[in-house]
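Enquirer: Model the placement of chain B on the given structure of chain A, informed by the hints.
The lines below spell out each chain.
Number of protein chains: 2
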Amino acid sequence: MVKRRTLLKSITGGFTAAAFSTPALVRDVEAAEAPELRGTGDLGVIVERASGSVQIVETTTHTSLARISGLGDLSHASLVFSRDERFAFVFARDGGLSKIDLLTHRLVKRVVQAGNSIGGAISDDGSLLAVSNYKPGGVNIFNSQTLEPIATIAAGFGSNNDLSKTVGLVDAPGGRFVFTLYDAGEIWIADCSKCLAGGKPELTKLRDIGLLPYDALISGDGRYYIAGLFGEDGMALVDLWADKPVAKRILNGYGRGEKTLPVYKMPHLEGWAQAGDGFYLPAVGHHEVLSVNARTFSQDNTIKVHGQPVFVMARPDGRQIWVNFAHPRNDTIQVIDVPTGKIIKQLKPGKAILHMEFTARGDQVWVSVRDENRIDVYDPRTITRIASLQAQAPSGIFFTWRAGRIGL
Amino acid sequence: MVKRRTLLKSITGGFTAAAFSTPALVRDVEAAEAPELRGTGDLGVIVERASGSVQIVETTTHTSLARISGLGDLSHASLVFSRDERFAFVFARDGGLSKIDLLTHRLVKRVVQAGNSIGGAISDDGSLLAVSNYKPGGVNIFNSQTLEPIATIAAGFGSNNDLSKTVGLVDAPGGRFVFTLYDAGEIWIADCSKCLAGGKPELTKLRDIGLLPYDALISGDGRYYIAGLFGEDGMALVDLWADKPVAKRILNGYGRGEKTLPVYKMPHLEGWAQAGDGFYLPAVGHHEVLSVNARTFSQDNTIKVHGQPVFVMARPDGRQIWVNFAHPRNDTIQVIDVPTGKIIKQLKPGKAILHMEFTARGDQVWVSVRDENRIDVYDPRTITRIASLQAQAPSGIFFTWRAGRIGL
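Respectively, the protein sequence lines represent chains A and B.
FYI, in my numbering the residues of the first sequence are 1 to 408.
FYI, in my numbering the residues of the second sequence are 1001 to 1408.
Check before you lean on any hint, since a few could be wrong.
[Said to hold, decoys possible] Each computed DSBU-like pair below joins lysine-lysine, with the alpha-carbon atoms no more than 30 Å apart:
1) A:K205 with B:K1342
2) A:K248 with B:K1342
3) B:K1345 with A:K194
4) A:K205 with A:K194
5) B:K1248 with B:K1135
6) B:K1348 with A:K194
7) B:K1342 with A:K244
8) B:K1304 with A:K244
9) B:K1200 with B:K1248
10) A:K248 with A:K304
11) B:K1244 with B:K1304
12) B:K1345 with A:K244
13) A:K135 with A:K109
14) A:K200 with B:K1135
15) A:K342 with A:K244
16) A:K248 with A:K194
17) B:K1248 with B:K1348
18) A:K304 with B:K1244
19) A:K342 with B:K1205
20) A:K109 with A:K200
21) B:K1248 with B:K1194
22) A:K248 with A:K135
23) B:K1348 with A:K348
24) A:K342 with B:K1244
25) B:K1244 with A:K345
26) A:K345 with B:K1194
27) B:K1304 with B:K1342
28) A:K304 with A:K348
29) A:K342 with B:K1194
30) B:K1205 with B:K1248
31) B:K1304 with B:K1345
32) A:K342 with B:K1248
33) B:K1342 with A:K194
34) A:K345 with B:K1200
No wet-lab data here; the hints were simulated from the structure.
This is chain A alone, in the form it adopts within the complex:
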């Protein structure tokens, strides 16, 4: 599976600002009892973006454990987990960086590290956090234990050395972070392996990658970094194994295309699924899922689907692809069988399906149904609903297995 980090532009569907009642099953932080001794491998965090809160859940018996509030503006919020899977780090849109404890159900610390930010990453050894910023641009690096600042990467460009917004920030093996400069059209590789000991990030800058990169992803093995370009056809590919990495144009015809299409929501690049020998990705502006050869990065199939796809998620065994869609067709999920390329099931869980997250070995998939204030849990073998949980306008769902994956 591959993972997007940030999304610059999006046109979201209507936003429901309903008055929420707190579901009975969710304990407030204030009421938390003595922390329970428990493993953390089956835990997860659900973003409730309208209320600036998250829920802590567990997947073994599908229950909500607690709600933590006061996390700021969580639109497009994402999060990463500590290497021991005890803590989650929440990247809020307002520049807030919060560390929450999944065992005591407490907000451990919150810093506002920029005026406007869009996602982050945790280094492969778990020691560093990196946050991608719009205002004032650049990337900030923090000690994950303390949230103390470690380094700032200013992302200056051009003759005035203006600061660029950064997008598509991911971790890469070897203590590195990789990110894209939206305004500059550049990709930077930052080796931060010596930063905790006081060293500066060592930067490799790739220029002229293309116009208006809006998001990026890294392949599951951390080798390929791919940036989407809003300003032109195609995408920029970097092979991070190369002695001197360069940005190469791939998938001409992908992206905005020559025709001006009504794009309701730019697809998340997390929505690139690796399954079998290919990548599956959402077409931009079309009711299609594309399959791309994972070696040549050339397109080899097109699957017609219900609407403009947003997330194209592979079941962990790569046998199925689950797809959700942009407004106004965002009440539907379609399931594609990979060997045949056929849609084998269509689900209508409710209004505004925003995200899907599989358990690590794929025995469950959790679906956020924002406008119904509900999370649905499916058994992907039978494609039947096995549980539901209440949630306040849920968006992103994140399980702790991500702590052990490159680029998530």
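Expert: Here is chain B on its own, set in the frame of chain A:
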């Protein structure tokens, strides 16, 4: 990465029966304090086979947390983790199945479920354990919560319905287990998705797969099951995605070969590493690592190495392959750079290197140096030793990230 489960025949190097002193850093279970509230994502278990004990370790600061004794005969022992990463299930050679608590450092329960057994697996939803038995043969299924028996798969074959030894037992997606009948030369697929509710395992039996299958593995996505054949050239491949799975012969020339070679130790099939576009595997009886195309399963390269390889382990990003060797050359590790196929480093940590385990995102690799009673921890970026821990004749090393991987 791919994983072997069992190994029928092996000729191990000399066994050191030194008198062990308990390392000062290892707390005995009896002395355990009140359990510490902590995450479980950075924990691991090290098998100390001479003393029938395991150590619980953590990788963030490279420390030993506790020793748990009384686990029986741990030669060729392996283990799996619960879905919440709190418990480990240890499969001992004497038929013992032990559940240990990584947080309280206690042996929760031990059952002796057969006279002689060789490995096991945990179902993709974490609810069932399966154990592979030599005496009386077959596979036993247990409730992972209670260790109560759920089902027995007798593995009868031939006109007398004799019970076959079973090897190569792995979990597969969809609540299935797959294993190989050593005496019968068959592969069985057991769908146990209804067993917890009282249903019987639904069996699919593949006959005539070849002579003397000694071990097997499953690919990281759970699609391909491959059994090694001691009795003939080649291996047996099953595509578990097929509507009617069949066993197909691959890699003619692999296995015992036409020449009778002095094989000091049959390589573990866990030692098949998936990296880039290929599998890397130990040649049998030769001082070679073979690379095999991951799509066609045909051999495409041979890399000369120091001795007969035992484990061929990929760093999680697939950029490096670490190899250890059979007696008498088992004091050495070689590191292969995947893009060039060259050996870039040779290490001599000490006598009897038995196993290697990478952390989930590859910032560390732990190495058991049995005859030095030591575990060495390396930084794979720099290939330098960063820590050592005392251990009693350590063999297998297992980290909790395995709970989230198919077939491990």
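Enquirer: None of the hints should be skipped; say for each whether it holds.
Expert: Do the hints match the structure? See the list:
1. A:K205 with B:K1342: With a Cα-Cα distance of about 29 Å, the restraint between K205 of chain A and K1342 of chain B holds, given a limit of 30 Å.
2. A:K248 with B:K1342: 27 Å, holds
3. B:K1345 with A:K194: 22 Å, holds
4. A:K205 with A:K194: 18 Å, holds
5. B:K1248 with B:K1135: Holds, at roughly 29 Å.
6. B:K1348 with A:K194: Since the Cα atoms of K1348 of chain B and K194 of chain A sit roughly 27 Å apart, the hinted pair holds (cutoff 30 Å).
7. B:K1342 with A:K244: 19 Å, holds
8. B:K1304 with A:K244: Distance of about 28 Å is within 30 Å: holds.
9. B:K1200 with B:K1248: 28 Å, holds
10. A:K248 with A:K304: 28 Å, holds
11. B:K1244 with B:K1304: The given pair, whose Cα atoms are some 39 Å apart, is violated under the 30 Å limit.
12. B:K1345 with A:K244: 22 Å, holds
13. A:K135 with A:K109: OK: K135 of chain A and K109 of chain A at ~22 Å, within 30 Å.
14. A:K200 with B:K1135: 60 Å, violated
15. A:K342 with A:K244: Violated. K342 of chain A to K244 of chain A sits at ~41 Å, over the 30 Å cutoff.
16. A:K248 with A:K194: Measuring from Cα to Cα gives roughly 29 Å; hence the hint holds.
17. B:K1248 with B:K1348: With Cα atoms ~40 Å apart, K1248 of chain B and K1348 of chain B exceed 30 Å; violated.
18. A:K304 with B:K1244: 28 Å, holds
19. A:K342 with B:K1205: 29 Å, holds
20. A:K109 with A:K200: At roughly 25 Å apart (the allowed maximum being 30 Å), K200 of chain A and K109 of chain A satisfy the hint.
21. B:K1248 with B:K1194: OK: K1248 of chain B and K1194 of chain B at ~29 Å, within 30 Å.
22. A:K248 with A:K135: 29 Å, holds
23. B:K1348 with A:K348: 60 Å, violated
24. A:K342 with B:K1244: 19 Å, holds
25. B:K1244 with A:K345: 22 Å, holds
26. A:K345 with B:K1194: Measuring from Cα to Cα gives roughly 22 Å; hence the hint holds.
27. B:K1304 with B:K1342: Distance of about 9 Å is within 30 Å: holds.
28. A:K304 with A:K348: 18 Å, holds
29. A:K342 with B:K1194: 27 Å, holds
30. B:K1205 with B:K1248: Holds, because 14 Å separates the two Cα atoms, which is no more than 30 Å.
31. B:K1304 with B:K1345: Given that 30 Å is the threshold and the Cα spacing comes to 14 Å, the pair holds.
32. A:K342 with B:K1248: Since the Cα atoms of K342 of chain A and K1248 of chain B sit roughly 27 Å apart, the hinted pair holds (cutoff 30 Å).
33. B:K1342 with A:K194: 27 Å, holds
34. A:K345 with B:K1200: 28 Å, holds
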